[in-house]
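Peer 1: One point on numbering: in the numbering used here, the residue at position 113 of the sequence shown is 114, and numbering is uninterrupted.
The set of hints was computed from the structure by calculation and includes no laboratory data. Please note that a few of the clues may not be correct.
[Stated by the list, open to error] In silico BS3-like pairs for lysine-lysine, Cα to Cα no more than 27 Å straight-line:
#: 1; residue 1: K135; residue 2: K201
#: 2; residue 1: K201; residue 2: K140
#: 3; residue 1: K19; residue 2: K263
#: 4; residue 1: K284; residue 2: K139
#: 5; residue 1: K135; residue 2: K179
#: 6; residue 1: K179; residue 2: K201
#: 7; residue 1: K263; residue 2: K16
#: 8; residue 1: K201; residue 2: K19
#: 9; residue 1: K284; residue 2: K19
#: 10; residue 1: K245; residue 2: K201
#: 11; residue 1: K19; residue 2: K156
#: 12; residue 1: K135; residue 2: K245
#: 13; residue 1: K16; residue 2: K179
#: 14; residue 1: K179; residue 2: K245
#: 15; residue 1: K263; residue 2: K201
#: 16; residue 1: K16; residue 2: K258
#: 17; residue 1: K245; residue 2: K156
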Amino acid sequence: MISKSFLYNEQAASKSLKVVSVAMSCHRDPGTNRLRIASTLDTIAQAHPDVDLVIFGEMILGWYNPGQMPEYHHRISEPISTESLQVFASLAVQHSIHLCFGMSEIDEGTFYNAQVLLTPQGEIRAVHRKWNLKPGEKKANYQPGPIPVTITDIKGVRTAIVICSDAASPCVMRELMKNRLDLILLSLADDSDEDLFMAKLNARMYDAWIVTANRYGDENGRFWNGHLVVSSPCGELRATGQDKEQFLGYELRFDDKQPWLKRALRNAWVKMPLIWHILVNWKRVKSYL
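Assemble the whole structure, with the sequences as input and the hints as a guide.
Peer 2: In structure tokens:
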């Protein structure tokens, strides 16, 4: 039996990142959600005073149902600029954190589903515009982003940002697998993941830490169960939560001394069960694509 500590030696890691992922209940009003984000960050700061990164879910500044509520989504859309994000920049500075959250963006009349990453200095580090849009988003005239995956750096950690159904795109999957990432941030507006089936599948695919964030509660008759996970490069779900508004804190440790042979061995060991898993559950997998 090959030990997981040999495959990925966290004890000898030279880099670490303390993250908190959030499943937040959203109000229809963006202003109310800004207050909720600020209040949540205050609570997180008390529970995890040394946190480096806090991630909120997809389009967290309002309800999510673009196919049925296109006018509402257009109305709450905002440009992404230093001025428009001043409230969030101030929160990032106040708590000395990287802050990642989703919003509906408008840029010269074009709508995007965007995920923003701010630095502890309040600067915009990265913006990912969703690549693989859902039918409802297309119906509401959202446009796909220019690139399938946005790659950035957080305290020396090579990080990818993707949004929900992006992860169901073969193009996005290829990009995530070939870029030798340390961390994948996956923001969600996802109703449920029965038995955390897709989370377990994703955990074995990318040889990276994966942190997801989501929403929780009823939004005009549509219910979100708030599932969220932290998974390791060895395919383990290290922290999970669902069925309530909550946040998960976890310290990610990165083994950056990885000879190619060790990395290849880990990939084979972790991914071996995937083919059988996909074949046995093909109909279930297909429903997500």
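Peer 1: Would you mind marking each hint as holding or not holding in the structure?
Peer 2: Comparing the hints with the structure gives:
1. K135 to K201: holds, 22 Å
2. K201 to K140: Judged against 27 Å, a Cα distance of about 31 Å means the pair is violated.
3. K19 to K263: holds, 25 Å
4. K284 to K139: holds, 25 Å
5. K135 to K179: With a Cα-Cα distance of about 25 Å, the restraint between K135 and K179 holds, given a limit of 27 Å.
6. K179 to K201: Holds, at roughly 20 Å.
7. K263 to K16: holds, 19 Å
8. K201 to K19: Given that 27 Å is the threshold and the Cα spacing comes to 22 Å, the pair holds.
9. K284 to K19: With a Cα-Cα distance of about 37 Å, the restraint between K284 and K19 is violated, given a limit of 27 Å.
10. K245 to K201: With a Cα-Cα distance of about 20 Å, the restraint between K245 and K201 holds, given a limit of 27 Å.
11. K19 to K156: Given pair K19, K156 holds - Cα atoms ~11 Å apart, limit 27 Å.
12. K135 to K245: holds, 25 Å
13. K16 to K179: Answer holds: K16 to K179 is near 21 Å, not above 27 Å.
14. K179 to K245: violated, 35 Å
15. K263 to K201: Judged against 27 Å, a Cα distance of about 22 Å means the pair holds.
16. K16 to K258: Distance ~11 Å between K16 and K258 Cα, so the pair holds.
17. K245 to K156: violated, 31 Å
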